[in-house]
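Q: Sequence:
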Amino acid sequence: MRYAVPALAAIMNPLRSSLLGLFLIGHPADAQTETVLVGVVPAEVAAVAQPLPLTGTVTPARISAVSAEVAGKVARVHVEEGDRIEPGGVLAALDNRRARIAVAQAQAATREAEAALADAQRRFDIATTLAGRQAISDNERRTRETEVQTDRAVRDRRKAEENEQALLLELHDIRAPFAGVVARRLTDAGAWVEPGDAVVELVELRELRIDVAVPQAYFTHLSRDIRVTVRLDAQPHETFEGRLLSTIPVADPGSRTFPARVSVANADANLMPGLSATVTLHLPTASRHVTIPRDALLRHPDGRTTAWVVENASTGATAAERVIEIGNTFDGRVEVRSGLSEGDLVVVEGNEGLRPGLPVQVSRRGS
Numbered sequence: 004m005r006y007a008v009p010a011l012a013a014i015m016n017p018l019r020s021s022l023l024g025l026f027l028i029g030h031p032a033d034a035q036t037e038t039v040l041v042g043v044v045p046a047e048v049a050a051v052a053q054p055l056p057l058t059g060t061v062t063p064a065r066i067s068a069v070s071a072e073v074a075g076k077v078a079r080v081h082v083e084e085g086d087r088i089e090p091g092g093v094l095a096a097l098d099n100r101r102a103r104i105a106v107a108q109a110q111a112a113t114r115e116a117e118a119a120l121a122d123a124q125r126r127f128d129i130a131t132t133l134a135g136r137q138a139i140s141d142n143e144r145r146t147r148e149t150e151v152q153t154d155r156a157v158r159d160r161r162k163a164e165e166n167e168q169a170l171l172l173e174l175h176d177i178r179a180p181f182a183g184v185v186a187r188r189l190t191d192a193g194a195w196v197e198p199g200d201a202v203v204e205l206v207e208l209r210e211l212r213i214d215v216a217v218p219q220a221y222f223t224h225l226s227r228d229i230r231v232t233v234r235l236d237a238q239p240h241e242t243f244e245g246r247l248l249s250t251i252p253v254a255d256p257g258s259r260t261f262p263a264r265v266s267v268a269n270a271d272a273n274l275m276p277g278l279s280a281t282v283t284l285h286l287p288t289a290s291r292h293v294t295i296p297r298d299a300l301l302r303h304p305d306g307r308t309t310a311w312v313v314e315n316a317s318t319g320a321t322a323a324e325r326v327i328e329i330g331n332t333f334d335g336r337v338e339v340r341s342g343l344s345e346g347d348l349v350v351v352e353g354n355e356g357l358r359p360g361l362p363v364q365v366s367r368r369g370s
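Add 3 to a position in the sequence shown, counting from 1, and you land on the number used in the numbering used here.
Mixed in with the good hints, there may be bad ones.
Quick list of simulated restraints, FRET-style, between CB atoms [said to hold, decoys possible]: (1) A201 <-> P256: 48 to 58 Å; (2) L170 <-> Q124: 21 to 31 Å; (3) T250 <-> D305: 51 to 61 Å; (4) R325 <-> Q53: 21 to 31 Å; (5) W195 <-> P239: 42 to 52 Å; (6) G193 <-> Y221: 54 to 64 Å; (7) D128 <-> P198: 42 to 52 Å; (8) G193 <-> T149: 48 to 58 Å; (9) E83 <-> T288: 11 to 21 Å.
Don't read these hints as lab results, they were simulated from the structure. The beta carbon of each residue, even a glycine, is placed where N, CA and C say it ideally should be.
Model the full assembly from the supplied sequences, consistent with the hints where possible.
A: Next comes the structure, spelled out in structure tokens:
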């Protein structure tokens with residue numbers, strides 16, 4: 004029996020070491036000193052904008068049946084339906100052989116008139132010299148001066164005719180008046196067109212418009228500087244910035260609404276005419292409430308909305324979760340109706356894995 008105790012100690016000592024190791028694994032020695040780096044901003048009191056969502060349909064700012072300005076036979080159509088073209092791009096070309104001949108004739112007539120003018124000017128200069136010497140009469144000098152004026156007028160007329168023929172030649176190329184997409188091709192090579200006959204239908208896509216009906220209760224709050232956002236039903240996760248282009252102060256008596264037109268830049272051609280869209284007008288209000296960035300919000304399956312704040316930032320910063328009631332959303336911020344006060348440091352970065360009372364290291368990120 005004297006050997007039982009040493010034998011038992013030999014068994015228990017390794018067991019105690021293993022249990023202690025398991026305890027330390029489950030409870031690290033520095034668990035109480037664990038800190039998380041978070042980004043915070045202070046909750047601010049700001050004027051709250053009221054979002055007013057309205058539905059509409061995307062329409063092109065311009066749609067034009069581009070027509071010929073001179074008569075002629077179509078030599079070639081340079082575009083197909085769906086092609087994009089820049090301003091001044093050639094849509095179609097008419098046979099210009101006769102126009103080129105007319106330009107050459109006009110240029111020759113101009114050169115002839117310029118030569119006649121130069122000769123008349125030479126004779127007038129001689130007459131002026133001779134009249135100074137009283138070698139010819141003053142009446143003869145005035146006659147030579149009239150010849151110069153007449154030949155100058157002829158030269159100017161010939162030059163204008165040359166410019167006209169050059170313009171007619173240029174108009175044989177039918178060009179796009181603006182950047183757009185060819186919606187329809189209305190002619191083909193070999194066809195004869197008269198002035199005013201359309202060759203293509205061109206739709207502008209760089210700027211699109213959406214017409215919406217604004218309820219009468221909100222019409223007086225509209226102004227050109229309000230923020231406008233657009234979301235397509237076909238692309239619900241992408242938001243486009245727009246601007247209020249115009250309002251018409253004439254109400255529809257049946258619906259008590261006023262028409263308004265929104266313009267949306269479309270440089271990347273992400274929008275297409277005919278798509279349905281939701282236009283949100285962010286109307287200013289007189290109310291002021293605490294607001295925080297949307298990044299600070301956490302939504303839970305049970306319906307709660309919370310935000311993490313940093314408490315005791317000057318002594319020992321720790322995380323605390325607040326249940327909040329939110330209101331309108333505008334300009335990337337959310338109205339907080341209860342649960343937060345002005346100046347509370349709200350966590351906007353690193354709030355996913357926080358626990359109440361967890362020490363945090365604050366990294367301020369703007370206001």
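Q: Tell me, which hint numbers fail for this structure?
A: 1, 3, 9
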